Amino acid sequence: MLEPLLYCLRSNGVNVGLNEWLAFQRGLKAGLASSTDSLFFLGRSLLVHTEADFDAYEKSFLMAFRDLEVSQTLIEDLARLLENPLDYEDGRAPGQHDFENLRELIEKFQKTLEEQNKRHRGGNRWVGTGGTSPWGSGGRSNTGLALGRGKGMGTGIRVPDSIDWGVYRQDQELRTRDIQITLKALRTLERSGPEVLDIDESISRTADQGGEIDLCFKQDRANKVRVVLLLDIGGSMTPYAQLVSQFFTAAGQTSAFKSLEVWHFHNCVYGTLYSDEDLWKRTDTETVLSGLTKSHRVIFVGDASMAPWELHSRWSKDALNGLGWLARFKKRCPKSIWLNPEPERYWDHPTIKAIHELFPMFPLNVKGLKRAIKELSGGY
Amino acid sequence: MTKTFTGSSSYVANEALLASVNAAVTLKRPLLVKGEPGTGKTLLASAVAESLDMPFIRWHVKSTTKAMDGLYTYDVVQRLNDSRFGDGDISDIRKYIKMGPVGEAFLSERQVVLLIDEIDKAEIEFPNDLLRELDEMAFYIPELSETVSAVHRPIIIITSNAERQLPDAFLRRCVFHFIDFPSEETMRKIVDVHHSDIDEEVLSAAMNRFYKVRRTRDLRKPPSTSELLDWLVVLAAAGVSADKIKVAFPFAGVLLKEENDLHKFNREVS
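So the protein lines, in turn, are chains A and B. 403 is the number that the numbering used here gives the last residue of the first sequence; the numbers go up by one with no jumps. 734 is the number that the numbering used here gives the last residue of the second sequence; the numbers go up by one with no jumps.
Hints were generated in silico from the structure; no laboratory data involved. Mixed in with the good hints, there may be bad ones.
Claimed, not checked - Listed next, the in silico SDA-like pairs over lysine to any residue satisfying Cα-Cα at most 25 Å (straight line):
#1 526/B <-> 234/A
#2 247/A <-> 52/A
#3 207/A <-> 562/B
#4 393/A <-> 562/B
#5 562/B <-> 234/A
#6 52/A <-> 479/B
#7 676/B <-> 400/A
Computed from a prediction, not measured in an experiment: that's the story for all the values here.
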């Protein structure tokens, strides 16, 4: 009876293993789930290993047990409602949704539930509290379903937790701390530098030899990763300024790199880069390029959206067009990537496509950043 | 199941937490507690011990801690010293073997609650190094050619501040619980458990101020429960009135520990 939960979880990207699933079964046998609430919590504590998946778990739980608990009462309730709609609520004007057909309403409800990806209050479409959608709790639509503690059925599926776990999802917005943790993965430690006395090893070897002093030396471990950050500023990037500045702060606070250089540009990289956000202090791109080696990791942050001529035409003084300059970075540092704050679904813009062909491009969220770091790690 | 955890006189637990603790106890799996610093992760373990009436052993993990340290340590230097200067009998290795917190928990005559605190502080491989010992509840001491097995399986509680990702194999063996930041209502209960004697008006004003600070964007380090509790003590000790808290931000340094954050609010208030 519980298997749907397992498959819902897996299809929502929560990789539950057999081991955890069996533990969950043992928990049920031991009587740890005496109510829907405790079933919900037991499952969550055993099947989910990170708060980032709590939201997906909530969704899966709702999906898996939707049919079990809702259908019967829901149908009865709807039948009564459609028979005599005016009796349903005390004479208030009907809401904007009037459904001829009971089946249509149920189907639409289930579809909405599937589409819905977060807790919702107000509005006219989603399942949630308030608002004028035909489903939810405490709303104003007269021809609809009431879930949870609302008028009507009262036994609908709901989750016992009052916290919006959506904020912990990793495919949504970034928090400074997440960025820092992710960036840390980029560090590669290598043995280098002068040899120093390894006290522990010396003592243990000396002891092993019954007191015959034996000195051991080792090299210190040092971090070799050098990062260059190129940030797009202004124009179409303005809505993402907060996000980019967060990324910038996090990168600056990470002690994981041997060095971190930050440059700014507007729209695309041309012959000049700027060391300040106001695009005031200029440096020749040529100079920056000459300081780069294969071991540098170059991270561009920008929406890559501009008029095509800005990418493909040359500025009067410049030897290269925008794409040409970008290609030089790529050639100089093969480990270069582009982080784009625009959601992935808008990436069929011509200039985004052109830049995407040159650099591996990732969305600027936790998941995207993790993939980006993987791409940047290792090698050289 | 003989005993269940129901919270304690000094610890406010919600239903989700109770479910996790009891699942861990019943299924004999370690309980991994994750959450922001200052949300009472460490306190939880001692509350469980108190509620189940069991001895409490704490292993505080640091960046230099090795998994071996938790099992036992072999004091080679002492033995070498003794062999050179002839103090005592060095043929008895047992004298130089000292049990770590895990070893102690295994050997205890009564079932204990073992807290492995801040596991994420240690090296990345640390949790994996403990897997076998925690699975089999036994470890081998090569110096003695002996195996130490747990007399009673300890209740293991592990805390993590999410400084780094824990290995998957390790996570799969744990019962997971995430402590979210308490809502205002829960926070009232927590404050009540710790300082029930605080003036209601001062408390309301202080809570208002506290949640306002928490909601501020871009704080380097948002204040947590433990800081709020400290702040209330300071406010009470200094006899600050509710009106003062409404217009000013007295003893801001107790809540905000980063210079930048403090500046932000100093500017705002003045």
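Checked hints:
1. 526/B <-> 234/A: violated (31 Å)
2. 247/A <-> 52/A: violated (53 Å)
3. 207/A <-> 562/B: violated (36 Å)
4. 393/A <-> 562/B: This hinted pair is violated, its Cα atoms lying about 42 Å apart.
5. 562/B <-> 234/A: holds (22 Å)
6. 52/A <-> 479/B: With Cα atoms ~20 Å apart, residue 52/A and residue 479/B stay inside 25 Å; holds.
7. 676/B <-> 400/A: Not OK: residue 676/B and residue 400/A at ~41 Å, beyond 25 Å, violated.
Of the numbered hints listed earlier, those contradicted by the structure are 1, 2, 3, 4 and 7.
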